[in-house]
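Take a look at the letters that make up each chain.
There are 2 protein chains.
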Amino acid sequence: MKTYPECIPCMFEQLLRSARLADLTEEKTFDVIRSFSKQLAYSSFSLSPPEIAVQLYREIKRLSKNDDPFRAVKRENINKALALFDEMRKLIAESADKLDFALRVAAVGNIVDFGALKSFEISREMLDNLEINKLHWEIDELREDLRKSSVLLIIGDNAGEAVFDRALIEAITRLYSIEKVYFAVRGAPVINDVTFDDATYAGVNNVAEIITTGSDVPGIVLNECSGQFVELFRTADVVISKGQGNFETLHGCERKVYFLLKVKCGVVAKITNAGIGDILLFSNKNFLE
Amino acid sequence: MKTYPECIPCMFEQLLRSARLADLTEEKTFDVIRSFSKQLAYSSFSLSPPEIAVQLYREIKRLSKNDDPFRAVKRENINKALALFDEMRKLIAESADKLDFALRVAAVGNIVDFGALKSFEISREMLDNLEINKLHWEIDELREDLRKSSVLLIIGDNAGEAVFDRALIEAITRLYSIEKVYFAVRGAPVINDVTFDDATYAGVNNVAEIITTGSDVPGIVLNECSGQFVELFRTADVVISKGQGNFETLHGCERKVYFLLKVKCGVVAKITNAGIGDILLFSNKNFLE
Numbered sequence: 098m099k100t101y102p103e104c105i106p107c108m109f110e111q112l113l114r115s116a117r118l119a120d121l122t123e124e125k126t127f128d129v130i131r132s133f134s135k136q137l138a139y140s141s142f143s144l145s146p147p148e149i150a151v152q153l154y155r156e157i158k159r160l161s162k163n164d165d166p167f168r169a170v171k172r173e174n175i176n177k178a179l180a181l182f183d184e185m186r187k188l189i190a191e192s193a194d195k196l197d198f199a200l201r202v203a204a205v206g207n208i209v210d211f212g213a214l215k216s217f218e219i220s221r222e223m224l225d226n227l228e229i230n231k232l233h234w235e236i237d238e239l240r241e242d243l244r245k246s247s248v249l250l251i252i253g254d255n256a257g258e259a260v261f262d263r264a265l266i267e268a269i270t271r272l273y274s275i276e277k278v279y280f281a282v283r284g285a286p287v288i289n290d291v292t293f294d295d296a297t298y299a300g301v302n303n304v305a306e307i308i309t310t311g312s313d314v315p316g317i318v319l320n321e322c323s324g325q326f327v328e329l330f331r332t333a334d335v336v337i338s339k340g341q342g343n344f345e346t347l348h349g350c351e352r353k354v355y356f357l358l359k360v361k362c363g364v365v366a367k368i369t370n371a372g373i374g375d376i377l378l379f380s381n382k383n384f385l386e
Numbered sequence: 098m099k100t101y102p103e104c105i106p107c108m109f110e111q112l113l114r115s116a117r118l119a120d121l122t123e124e125k126t127f128d129v130i131r132s133f134s135k136q137l138a139y140s141s142f143s144l145s146p147p148e149i150a151v152q153l154y155r156e157i158k159r160l161s162k163n164d165d166p167f168r169a170v171k172r173e174n175i176n177k178a179l180a181l182f183d184e185m186r187k188l189i190a191e192s193a194d195k196l197d198f199a200l201r202v203a204a205v206g207n208i209v210d211f212g213a214l215k216s217f218e219i220s221r222e223m224l225d226n227l228e229i230n231k232l233h234w235e236i237d238e239l240r241e242d243l244r245k246s247s248v249l250l251i252i253g254d255n256a257g258e259a260v261f262d263r264a265l266i267e268a269i270t271r272l273y274s275i276e277k278v279y280f281a282v283r284g285a286p287v288i289n290d291v292t293f294d295d296a297t298y299a300g301v302n303n304v305a306e307i308i309t310t311g312s313d314v315p316g317i318v319l320n321e322c323s324g325q326f327v328e329l330f331r332t333a334d335v336v337i338s339k340g341q342g343n344f345e346t347l348h349g350c351e352r353k354v355y356f357l358l359k360v361k362c363g364v365v366a367k368i369t370n371a372g373i374g375d376i377l378l379f380s381n382k383n384f385l386e
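If you read the protein sequences in the order shown, they are chains A and B.
In my numbering, each residue carries its 1-based index in the first sequence increased by 97.
In my numbering, each residue carries its 1-based index in the second sequence increased by 97.
Isolated chain A (complex conformation) (with noise of 0.2 Å):
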C-alpha cells in the first residue's frame, strides 16, 4: 500500500519510541528527527510506510552505535514467550480445530508489541475470545490449500511472535503433510523486527529452515530482497505473511499471500473495511485495496 498522510504523525511516534528504547539522548533524538524529515521532504509518498519508515531505524542504529539497539528487549520478550510455550503446544493439542486454534495462537503473537509484553498470560479463554474478524478469517481456503502443499513459507514479524509462530508451524506439520517448511526473518536488525539470530533463540529452527529476505526493511520490497528469498516466495506452495508491516508491504503482489495480522491502525482498518484491533486471516486474491 501507499503511505497516507495519517501515517506520518505514526511514524514519528514510531521514531520516539525507538529512540527511547534505544536509549538515544534528547540531542541524538532531534538528530534522528531532522534527518528523517529531510527524508520525507523529498519522499515519494507511492512508496509503502514500511519503505519510508526504515530510513529513521537506519538513523537510530547509526547514532546509538548499535547494529541491535532492541536485542534486549527482543530476548526478554523471547524469553517471556518461550515461558508459554507449552501452553501454547497444550492448548492447540486439546483443541477441537486445531489448525484455528494454532492460527489463533499465532495472531496473540502479533498483538504484542515491542516493549509490550509484560506480566502476559495465555490461555483457552483469552484464545477463544480473540476479536476475530469472522468476514476476514478465510481458514477454509487456507485448510485447502494447505492439503495441496509441500512447501510452505511463513514471513515471519516481531521477535517475540517467532515462538507464538512456531507452535503454528509445528501444528500445521502434524496436520498436514509439508514437506519444508521456511521460515523468513529480516536481513538485519530493524526495530523489534525478528531476525536470524532471535529467530534461533526462539527455537524456530527446530520446525522450520530460517532464511533471510536479505533487506533491512520492516516488512517486503521483493526488489529489495535476497535473489534466494525471491525465488522461495514465488515457489513455495502457500505464504502466510505475519503482521501489519509485511502486509503494508506486499499485499499489492502477483503472487496469493494469506496475511494473519491484528489491526493496528485506522489506515489498514479502512483499506482492510475491518475495525482497529480486529484479528484478519485473508488472502491478497480475495481482497482490493
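These are calculated hints, taken from the structure and not from any lab test.
C-beta: ideal position from N, C-alpha, C; glycine also.
Any given hint could be a false lead.
[What the hints assert, rightly or not] Simulated restraints on C-beta separations: (1) B/Thr-297 to A/Asn-163: 15 to 25 Å; (2) B/Ser-143 to A/Arg-159: 47 to 57 Å; (3) A/Asn-163 to B/Arg-159: 23 to 33 Å; (4) B/Glu-222 to A/Thr-122: 43 to 53 Å; (5) A/Lys-187 to B/Tyr-139: 34 to 44 Å; (6) B/Leu-144 to A/Arg-159: 17 to 27 Å; (7) B/Arg-352 to A/Arg-114: 53 to 63 Å; (8) A/Asp-194 to B/Ser-143: 53 to 63 Å; (9) A/Cys-362 to B/Thr-297: 39 to 49 Å.
Model the placement of chain B on the given structure of chain A, informed by the hints.
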C-alpha cells in the same frame, strides 16, 4: 518553552486535523507535509512549539488559497458559545465567589478546542466539578493584584473561547475598579485562534478594547509582535494569558503573567508538574521549568 521530541508527532497530528478542516486534498496535504518536514529538518528546537508549528499553518493557508480556512468552524463555535452566554452570566452572578466562578467559565472556554464544540452545555454542576489543580490555582494572589490594578490585559486563545473570556472580563470589571481592559488577538488568522473579527463577532468589544499582537504565531513571541502590543504587554498591571500556545511561548518572559489553561499534553503536564486534563491558574513567578 523549548520544543521537546514529543511535540513533533503532535505537530503532524495538528497538520492533519488542520488540513482536513481546511478541506485540502490528499495531494496538497502531502505538499504541506513535505514543506513542513523541510522546515523541521533545519529548525532550532530551542524555539517554542508554536514558533515551529506556525510554518505549517502558513503553508495550509497558502495551499488552500484561503487566508482564514477555519473561519466557518470559528464562527460556528462562537455562535454556539454565544448561545450559552446568558447562562454563563447568570451562573457567575449567582455565585458566592464570582471571580473564582468566572475563571472557571473562562477555563471551560479553553477546554473547547477546534471542531470540538458540539452539543456542549454549561451548568453549575459542571463548573463546580472542573478538574482544577488546587496546587496551581493562584486565585488569592490574582485577587490581590487585581485590587491594585487599573490596566488589565487578557491574551485570547481560541475564537469560541473569546465568548467565555468576555464573561470573565465582565465579571472582573464589576468586582474591581479596573479602568481599562485590553483583549489581545492574533495579528492574522492561524488555526482556530481568535482574530480581531472573531473577537468583535463574539462581542468582546463591548467589554474591552481589542488589540492585535501583530503576529500570526499561535502564541506570543514578543520580538514578532507589534511595538504597540509589546508596550502594552510591558505596562499593563495584570496580564492573564489563556491556553497552552500562549503559555508555551510566554512563560519564560520577565514580567509576571497569569496563565489560565487546561493541560492538553504530556509535555506541558511535565513542565507544570500537573496532570493531563488539569485546569491551572498560575503565574510564571511561582513557576520554574
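For the hint 53 to 63 Å, verify it against the beta carbon of A/Asp-194 and that of B/Ser-143.
60 Å, holds
Regarding B/Leu-144 and A/Arg-159, is the given constraint of 17 to 27 Å on their beta-carbon distance met?
26 Å, holds
For the pair B/Ser-143 and A/Arg-159, does the Cβ-Cβ distance stay inside 47 to 57 Å?
24 Å, violated
Given the hint of 43 to 53 Å, is the C-beta distance from B/Glu-222 to A/Thr-122 inside that range or not?
Given range 43 to 53 Å: holds, Cβ gap about 47 Å.
Assessment of proposed distance window 15 to 25 Å (beta carbons of B/Thr-297, A/Asn-163)
With a Cβ separation near 58 Å, B/Thr-297 and A/Asn-163 fall outside 15 to 25 Å, so the hint is violated.
Does the beta carbon distance between A/Lys-187 and B/Tyr-139 stay inside 34 to 44 Å, or does it fall outside?
58 Å, violated
Is 39 to 49 Å right for how far apart the beta carbons of A/Cys-362 and B/Thr-297 are?
42 Å, holds
Taking the CB of B/Arg-352 and the CB of A/Arg-114, does the distance hold inside 53 to 63 Å?
Violated, at about 39 Å.
Between the beta carbons of A/Asn-163 and B/Arg-159, is the distance compatible with 23 to 33 Å?
Check failed, 42 Å falls outside 23 to 33 Å.
Hints 1, 2, 3, 5, 7 from the list above are not met by this structure, while the remaining hints are.
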